[in-house]
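Starting from the structure of chain A, add chain B where the hints point.
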Amino acid sequence: MNWTAVKSIYVFEMARFFRTITQSFISPVLSTSLYFVVFGAAIGSRIQEVEGISYAAFIVPGLIMLSVITQSISNASFGIYFPKFIGTIFELLSAPVNFLEIVMGYVGAAATKALFIGVIILATAFLFVDLHIQHPFAMIGFLVLTCISFSLMGFIIGIWAGNFEQLQLVPLLIITPLIFLGGSFYSISMLPPVWQVISHFNPVVYLISGFRWSFFGTADVSIGISLFAIAGFTALCLSVIWWIFKTGWRIRQ
Amino acid sequence: MPPIVDITDLRKSYAGGFEALKGVSLQIEEGEILALLGPNGAGKTTLISTVCGITTATAGTVRVGGHDTVTDFRAARAMIGLVPQEINLEPFEKVISTVNFSRGLFGKPANPALIEKILRQLSLWDKRDSQIRALSGGMKRRVLIAKALSHEPRVLFLDEPTAGVDVELRRDMWEIVAELKRDGVTIILTTHYIEEAEAIADRIGVIAGGEILLVEDKTKLMARMGKKELEVQLSEPLAEIPASLVMGALRLSDDGTALIYSYDTRGERTGITKLLSDVAAAGLVLRDVVTRQSSLEDIFVDLVHEGDTP
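Chains A and B, in that order, give the protein sequences. According to this note's numbering, the stretch in the first sequence is residues 1 to 253, in order. According to this note's numbering, the stretch in the second sequence is residues 1 to 310, in order.
Simulated from the structure, these hints should not be mistaken for lab results. Honestly, I wouldn't trust all of these hints.
Below 25 Å or equal to it, Euclidean Cα-Cα: the simulated DSS-like pairs (lysine-lysine) are [what the hints assert, rightly or not]: (1) A:Lys84 <-> A:Lys7; (2) A:Lys84 <-> B:Lys227; (3) A:Lys84 <-> A:Lys246; (4) A:Lys7 <-> B:Lys117; (5) B:Lys220 <-> A:Lys7.
Far from chain A by the CB rule (all over 10 Å, computed), these chain B residues [as the list claims (entries may be wrong)]: (6) Gln121; (7) Gly137; (8) Leu238; (9) Thr265; (10) Glu268; (11) Asp278; (12) Ala282; (13) Val289.
All residues carry an ideal CB built from backbone N, CA and C; glycine is no exception.
Extracted from the complex, chain A is given alone in its bound form:
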């Protein structure tokens, strides 16, 4: 393993994040606060409780997931698309590094940024609602796994994208609907039976459900299935990336 290379990529990518640290901070804090005002206070006052939890508290795990998933994808896809776009990828391709080292550097940095934002949102949430995290270690585990798996997915999108529109396309058309329909703001059990069945094909449901379990001890699907789903998703993304570097698809002519 060329650990020096992994570290170099990681540090280089993190530097980009720290250059725009103010934006990185303010944007998630602001949007989370807005969600709490709209969903927690305005709408939540009419909903009262979901599964014995105050609505404002109930949406916290979903809100964190919403930001973490979006951030993971956008960070990782931009992180690898940008060198492709400006041409600096030549250096990566001519360096003595393999796909795993490149992925660890880029995805590691993207996941770190997303994790950082997830933690900020959690901290912001404590300002608005009274939260008790029942399984803190499971919570951290789910959060980290989500950051990694969706950063892997973002990395794939970044390699696939041929222009900036495509870079926005997948997050906009696929990921955002999946997150919103994944039970971020409601329990799956609140849906009509048909939609409950359909929801089970949405991988994000398992993530949010598992993550919510780590907060409140209640879940839409069992925790084992949640873990299995996220592990499977991570493995799938990794194999796709392995294939990309093996064939040179979209990166090496």
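Chain B only, in chain A's frame:
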């Protein structure tokens, strides 16, 4: 000693069927400077990209320092530095961090003293904390060179390093290349500028249409170029060279209106004075006198032109 870069029957075809490299074989000796000359689209960049791992070969092998660039890519690539033709740099990065990044990417531990030396050598030290976007085009090119040198390559590829740079930077570049050569670095550079090949290369290769047309020692090529021709144009055409003028180096033009004399510019005596006095003695009236030198450019154009017509 085995060649440090050993390219055997390298082929590259693209999906559309275009053949960029048609079986290139090239051996480069350690410590030499090889200049690859060729027109646009000749395959120069494709050749370099394939050796460096940016494009994958359709067939053929490349070994660098004895390491296959596909099966043993780590060892091979660790030896190679590449200065690309395009200025590919992150605009918001600082000079120093992008150079340090390159060193790290190649798995080398941080070495601030070496980086300082490289940046000073390239007159970049004062700009080390500037963002790349604030630099001029020439400065950006220096940054690219600094990045390539940061990981101490044994083989350095310079893809048109002086395209569109000013005279000063070109001279600096040549100096840096000379210094690297003293350190034993093997250098392969592509260029459009024949004077550049003349100035710094040990050997010159000509590539066109994806094929190497010629690889020859520069001094041998220069010997060919050393020949000069003097054309003595006459006011009246001749049927044949007058007997008093007959000698090996002199011939009559096809239409008989000019005497053409070949000579070596580097010789002690060119024989021009004698020729001209003999011409006058033979009673010939001169219309004009023209001299021509066959340059590397002529040889190059001839070769490339031959390559065009199969």
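Checking one constraint from the list: CA of A:Lys7 to CA of B:Lys117, max 25 Å. Satisfied? 24 Å, holds
Please work out if A:Lys84 and A:Lys246 have their alpha carbons no farther apart than 25 Å. Given that 25 Å is the threshold and the Cα spacing comes to 18 Å, the pair holds.
Is the nearest CB of chain A more than 10 Å from the CB of B:Leu238? Holds, because the least Cβ-Cβ distance between B:Leu238 and chain A comes to about 60 Å, which exceeds 10 Å.
Interface exclusion of B:Gly137 relative to chain A, criterion Cβ beyond 10 Å: At roughly 15 Å from the nearest Cβ of chain A, B:Gly137 sits farther out than 10 Å, so the non-interface label holds.
Below or equal to 25 Å on CA atoms is what counts here, so check A:Lys84 against A:Lys7. Holds, at about 20 Å.
Could you grab the alpha-carbon distance between A:Lys84 and B:Lys227 and see if it respects the 25 Å cut-off? 49 Å, violated
Checking the smallest CB distance to chain A, is B:Thr265 really beyond 10 Å? 43 Å, holds
Hint check: B:Lys220 vs A:Lys7, CA-CA at most 25 Å. Holds or violated? 49 Å, violated
Would the least Cβ to Cβ distance between B:Asp278 and chain A come out above 10 Å? Non-interface label stands for B:Asp278: nearest chain A Cβ at 62 Å, farther than 10 Å.
Assertion that B:Ala282 lies farther than 10 Å from chain A (Cβ): 65 Å, holds
Check on B:Gln121 being off the interface with chain A, judged by Cβ distance over 10 Å: 20 Å, holds
Non-interface claim for B:Val289: all C-beta distances to chain A beyond 10 Å? 53 Å, holds
The structure shown violates the earlier hints numbered 2, 5.
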